[in-house]
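Here is how the chains run, residue by residue.
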Amino acid sequence: MRVSRHWRNKLFRYRLVGWRCVSCGAFHYSKPLVCKRCGSREFREVELPKTGKILAYTMVKIAPKDFKDKAPYLVGLVELDDGTKILGQLTDFTKEELKEGARVEAVLRKIREDGENGIIEYGFKFRPEIRRPPQARA
Amino acid sequence: MVEAALKALDDSGLSRVNSIYVGNMAGEFLQEQAHLGAIIAEDLGMVGTPAYRVEAANASGAAAIHAGALEIASGRADAVLVIGGEKLSDGLIEEVSSALLMGERQEYEGFMGADFYSINALLYKLYMRRYGVEDDLIAVFPMLSHKHAKGVAHAQYPFEVSLEKILSSPYISEPLRRFEVSGVGDGAAAIVLIGEELKSKIKTPKTELYISSATDFMTPFEREDPLRFQSLGVAVNKVLDEAKVDRGDVDLIEVHDATSIMAAISLESSGFAEPGESGRLAMRGEFDLGGRLPYNTFGGLKARGNPFGATGVYQVVELHLQLTGRAGKNQVDSPKVGMAQSLGGVGATAIVTLLKAV
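Those sequence lines, one after another, are chains A and B. Residue 1 is where the first sequence starts when you use this note's numbering, and the numbers rise one by one after that. Residue 1 is where the second sequence starts when you use this note's numbering, and the numbers rise one by one after that.
One thing to keep in mind: the hints can contain errors.
[As the list claims (entries may be wrong)] Using 30 Å as the maximum straight-line C-alpha spacing, the simulated DSBU-like pairs for lysine-lysine come out as follows: (1) Lys99(A) to Lys125(B); (2) Lys87(B) to Lys65(A); (3) Lys125(B) to Lys36(A); (4) Lys125(B) to Lys110(A); (5) Lys95(A) to Lys85(A); (6) Lys165(B) to Lys70(A); (7) Lys238(B) to Lys61(A); (8) Lys61(A) to Lys95(A); (9) Lys61(A) to Lys165(B); (10) Lys125(B) to Lys68(A); (11) Lys238(B) to Lys36(A); (12) Lys70(A) to Lys125(B); (13) Lys95(A) to Lys165(B).
Worth flagging that the hints you see were computed from the coordinates, not collected in a lab.
The shape of chain A in the complex, shown without the other chains:
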C-alpha cells in the first residue's frame, strides 16, 4: 500500500477533523465537493469534539484480513458531544466500564499494519473518558 492512501485521510484519522455542510450540517470525513445529504457545495472545516458516549457496541470475533490478528476487538457507535455519530474501535475498557451510555474520549492508537515491511496506520480509537481532577485542567 502506498502511503498516500492513508495520508489523504490523516486529518480525520489523527484529529477528527472533517468538513461540515454549511447549509444542512452533515459531517463528511473527507473533503467533499457536494454534500451527501442536501447537495450544497459549501463546507467549513471542523474539528469534532473528542468526547462523547457509546450508543451501541459489539465485539468482532471474525475480522477482515487486515485485522485478523487483532480480533477479538470492540467496535462502537459513538455519539460525540456535538451529536455527530461515528464508528470507531473501543479500547482500554474493562468489563465493568463497557456499557451503553458510557463516556468515552478519543485517543491516538495503532490501527493496522500493512504486512512486515509496509506502513503502520494510526488513527483514533475511543477509551473510557478519564476524569481529570479540577486542578489539573488549568
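Go by the hints and put chain B onto chain A.
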C-alpha cells in the same frame, strides 16, 4: 456458472442471445480475476456476444438482471442471458470477511475494522432496545429459512435448525450469532430474459418480470432511521407501481437474509410488517410455506446459500419455479405474484424484482 447458464439456455430452447450479463462481486479479490463477461462468453462457446460483469456488492446478481432487463426494455435485445456466480470457498474466512467489507467504505468502516457483521450487530442492539424485543424474535428468521430449505436439492444447508440451536450458537459479533448469518459457499444461477418478439415462440413456462432499484446512504447510522432500509421501501413502491400490483397481492417473498436482523428490517422497511413486529408475525406462522406471505421458500440466503453474485439470481429463479408450478414439495398454493429483494451492503443498494404469473 457455465453449468447454470446451460441449464437456463436449454430450458428456454435458445442457443444464442443478444447479450450476456454476469453478476459477481468478489472475483477480482478472491480469484484476482476481472473481465468475467468475455470469459463466460468464451466458456459458453458464445464468443462474439457482448458480455459484461455488473457489480453492486451483495446485490450484484440482481444488478445484472436489472441491466439485462433494461436492454430488453430498450428494444435493443430480444434475448439476454443473466448469470450470477461466486466462488467464496477459494478465500480464507478473513478474506471472505474482507470481501464483504468491500461493500462498505474502505476509508471509513474498513479503517475502523467495523466489518459487515459488526454493523449488523449494532443495528441488532438498536432494534432490540427500540422495540423491546429479545433475540428470539430476530433469530426466528434463520430458523424459518432452514425449515424451508429442508430437502432442497440446490440448497447449501438443506436441513432444519431449531431456534434453541441458533440461540446457543457462538457469537460472531454480539448479539449476532453464527447461525444468524449466511455461510461461506459457492454457487451460480442463471436466467434468460426475452422481449415481446420471442414471447410466442418460446414454449417454456414464462413469467413477467418487473425490476426497480434505489440507493441509500452507505452507513446506516447516517440515515434518518438506521432501522429502516429506505432504499428498499422506495424500490418496492416503484416496482409495485410499475407492475400495477398492490402490496397485498404479493403471494410470496424472497428476503435478503444475509443476517437475521437484515431480514427483520427488510420486511418492516418494505411494508410487509409494522416496525418491530416482523418477528411476532414469523412466530405466528405468517411467513411459513402455507402462511399469509410465504418467505424464502427454498431457504433464502441463510440456508439455500449466499454466494454473493449468484444470490440475487437464485431468488428470481426460485420465484419463477414457484409461479410456474415447478417448485416441487416447496410449491406454495397457486401464486400469481412473487417479490425478490436483494440488498448491497447494509441496504445502500436495494434491487427489487417482481414476477407475475402469465
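Violations among the numbered hints, reported as their numbers in ascending order: The structure conflicts with hint 7 only, although it agrees with all the remaining ones.
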